[in-house]
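Enquirer: Sequence:
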Amino acid sequence: MRRWRSWMPLLLLLPVLALWAGPDDSGKAPADERERLGKLESDMRAMVSEVMKVTYPALVFVKPIQKTFERGEEEQRQIFGSGAIISADGYVVTNNHVAEKATQIKCVLFDEREITAEVIGLDRETDIALLKLDPQEIKGGLPFMAFGDSEKLMVGQTVMALGCPLGYEHSVTQGIVSNKKRYLEGVDYNLWI
498 MRRWRSWMPL
508 LLLLPVLALW
518 AGPDDSGKAP
528 ADERERLGKL
538 ESDMRAMVSE
548 VMKVTYPALV
558 FVKPIQKTFE
568 RGEEEQRQIF
578 GSGAIISADG
588 YVVTNNHVAE
598 KATQIKCVLF
608 DEREITAEVI
618 GLDRETDIAL
628 LKLDPQEIKG
638 GLPFMAFGDS
648 EKLMVGQTVM
658 ALGCPLGYEH
668 SVTQGIVSNK
678 KRYLEGVDYN
688 LWI
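Each residue of the sequence shown is one higher than the one before, starting from 498 at the first, in our numbering.
Some hints could be false.
Here are the simulated PhoX-like cross-link-like pairs (lysine-lysine), alpha carbons at most 20 Å apart as the crow flies [what the hints assert, rightly or not]:
| # | residue 1 | residue 2 |
| --- | --- | --- |
| 1 | K629 | K598 |
| 2 | K603 | K550 |
| 3 | K536 | K564 |
| 4 | K629 | K560 |
| 5 | K564 | K603 |
| 6 | K649 | K603 |
| 7 | K536 | K560 |
| 8 | K603 | K629 |
| 9 | K677 | K649 |
| 10 | K603 | K560 |
Okay, the calculated beta carbon distance ranges per label pair [unchecked claim]:
| # | residue 1 | residue 2 | range |
| --- | --- | --- | --- |
| 11 | G637 | Q601 | 20 to 30 Å |
| 12 | K649 | E572 | 42 to 52 Å |
| 13 | S584 | K649 | 16 to 26 Å |
| 14 | Q573 | Y680 | 34 to 44 Å |
| 15 | L537 | Q573 | 48 to 58 Å |
| 16 | S539 | G618 | 37 to 47 Å |
| 17 | S539 | I635 | 34 to 44 Å |
| 18 | V545 | E682 | 47 to 57 Å |
| 19 | S584 | D624 | 18 to 28 Å |
| 20 | E571 | N676 | 18 to 28 Å |
| 21 | K649 | E571 | 21 to 31 Å |
| 22 | G637 | D529 | 50 to 60 Å |
Hints listed in this document are in silico derivations from the structure and should not be mistaken for laboratory results.
Predicted model only: the values in this text are computed from it and were never measured.
Glycine included, every Cβ here is placed at the ideal spot set by N, Cα and C.
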């Protein structure tokens with residue numbers, strides 16, 4: 498009997514929630530609700546557009562030549578990845594799996610300049626690599642992105658992934674932060690967003 502009583506307030510609230518959030522007699526959401534949702538969608542499009550405008554110039558298309566051994570022979574193959582310029586003097590963050598076996602790397606900037614890059618550091622556990630663009634090939638300043646503060650990130654917050662995956666043109670996708678402290682089995686760095 499006690500268990501039933503603890504559920505009673507929720508059971509009474511459900512019909513009220515259904516009436517408040519439900520459609521009108523025509524099967525559509527009420528006009529003011531449709532208007533509010535339309536404004537939210539418009540605001541979201543404007544936000545995505547603004548983020549793209551600010552970040553795209555700092556994205557790079559990473560084109561490493563990797564050395565592999567297939568059928569007992571050494572082979573060179575071109576692969577593709579994405580990166581982001583993180584400093585005015587040309588440091589670029591990309592993925593370890595993109596840079597780790599590279600014999601040479603070129604980065605294509607937003608203005609289509611192709612600049613040689615050097616591998617500065619690799620971290621297989623976090624799949625992060627740091628590159629440095631050749632300062633001799635950089636003419637003028639570079640747009641760059643600043644790192645955010647992961648301590649200020651909140652679960653449910655909208656996030657976007659921008660890049661040039663698989664050699665495609667710039668792309669954007671969005672989602673939400675589902676967890677700030679995800680533990681992964683068998684990985685030394687255990688707190689993942």
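Enquirer: Tell me, which hint numbers fail for this structure?
Expert: Hint check: 2, 3, 6, 7, 18, 20, 21 fail, others pass.
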